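S.K.: Our numbering puts the first residue of the sequence shown at 862, with every later residue one more than the last.
These are computed hints drawn from the structure, not numbers from a lab. Since this is a predicted model, take the numbers as computed values, not measurements. Virtual Cβ for every residue (Gly too), placed ideally from N, Cα, C. Treat each hint with caution, since some may be false.
Said to hold, decoys possible - Cβ-Cβ distance ranges computed for the label pairs, FRET-style:
1) Asn1157 <-> His1041: 35 to 43 Å
2) Leu1048 <-> Leu886: 15 to 23 Å
3) Asp1250 <-> Arg1344: 19 to 27 Å
Claimed, not checked - With a straight-line Cα cutoff of 35 Å, these simulated DSBU-like cross-link-like pairs (lysine-lysine) come out:
4) Lys1094 <-> Lys1242
5) Lys1230 <-> Lys1242
6) Lys1187 <-> Lys1242
7) Lys921 <-> Lys1045
8) Lys1094 <-> Lys1187
9) Lys1130 <-> Lys1242
10) Lys1242 <-> Lys1045
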Amino acid sequence: MTRQTLRSIFYITGFFLLALSIAMLVPMTASLTFLHSTNDMMAFFWSGLITFLTGFLMIKQKGSLQIHLRPRDMYFLTVCTWLVVCIFAALPMTMIRHISYTDAFFEAMSGITTTGATVLSDLDNTAPALLIWRSMLHWIGGIGFIVMAVAILPMLRVGGMKLFQTESSDWSEKVLPRSHIIAKYILSIYVFFTAMGILAFYLSGMPFFDSINHAMSAISTGGFSTSDTSLGKFVPSTHWIAIILMLLGSLPFTLYVTTVRGNYTALFKDEQVRGFLIIIFVFCLLLSIWLWQHSNNSFIDSLRIASVSVISVVSTTGFAVDDYGKWGGFAMMIFFYLTFLGGCSGSTTGGLKIFRLQISWRLLIANLKQLIHPRAVIPQKYNGHNLDDEIVRSILAFTFFLFFIIAIIALYLAYLGYDMITALTGATAMVCNVGVALGDIIGPSGNYSPLPDSAKWVLSFGMLLGRLEIITVLVLLTPSFWRY
């Protein structure tokens, strides 16, 4: 990679740091509004100042620099921006809670990747400035991933995302105005859903501050809460609102844009959306019946608790209203399977994504037919798009490396002395960006604070890999990437 390219990447990353420093004004305002300790405000002031000055220096070095990035350079730019933002987003946490930088970085990475795993406890008594900052990281990471999934990943041919290539995926000047229009639509819809979520939570009886935090966490499918008991602290009506917001965040935002522009049936005609909703319905009903039969809850309560839990896991949000790790082996196994799924492409969710499962199933059926009729020509299409060899290879590579990375991280956690359930589900929850795992330590009623620092750094890397669709990060580790 040339010095000119590196300077261009640092220049662009500087703007992200400037935006992050401006975002830190919000928790500063929250600290003043809720009359909390002035130390909280100063923590964000100094963190914002350090972030601003660093971003300013990175931008100032431009000089006569002519920015020209090739598609391969976007791999490094994507990873660089997410890492640098996490590094600086962690600063105020060390000053407010006086936690180690390792814990702060883990929390920041969990926030910006919308994973929702936390090392913090006693959230009910935590400074409002820190709570709103955690939720903001979710919100920023959610919209950031949507834009990346729509505009960058299809161009990079990552994990079969070429299927969803639009005008905004072409990194050229001729479509830049159209890209801006699509981005504005997506941001407007994202803000609208957030605002409606805040209003709905507040009208249901949730305090206004908690409403803001949970709306940002729900629409970004992040999962950070203002209480150690998560949604379990609040009245049942808030659970149904969270369900709606998590579902909205799990659907393709490009289809929302299409709907707003007049095609009102776009969402319902999409194969991925239909498949996602069918999976949600089946497992919500199945686990509702299971919980009803194995608890003292009424069927309505069982339906509510099971639906929140299922949608929270499938959408990779991580909210909790009950410890489903205590529902029995059958339920635990289902939740472990659901951890892998994720939502739709172009949404805020992590995981495998529904379209990869649907395409894999079709390829399996086509292969079986080919064995029976060797001379037959079996065309493969998905949502009206031809499935060429490049898309199939990309999906296979992504799926293989997803399970490979999970296996490596799980093996490392087992090496540290953790049991199989903790190691396997912990690794899966990080790479699939769900956050909540199974077991007594990192299950729905626990958190990640007992883990050693080395495990937190490895899990942080797992979160980044999962959020950036794995291949985007792994390609940087190949020697050939750095050769021109």
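S.K.: In ascending order, which of the hints set out earlier in this document are inconsistent with the structure?
M.R.: Of the numbered hints given earlier, those the structure breaks are 1, 4, 6, listed in rising order.
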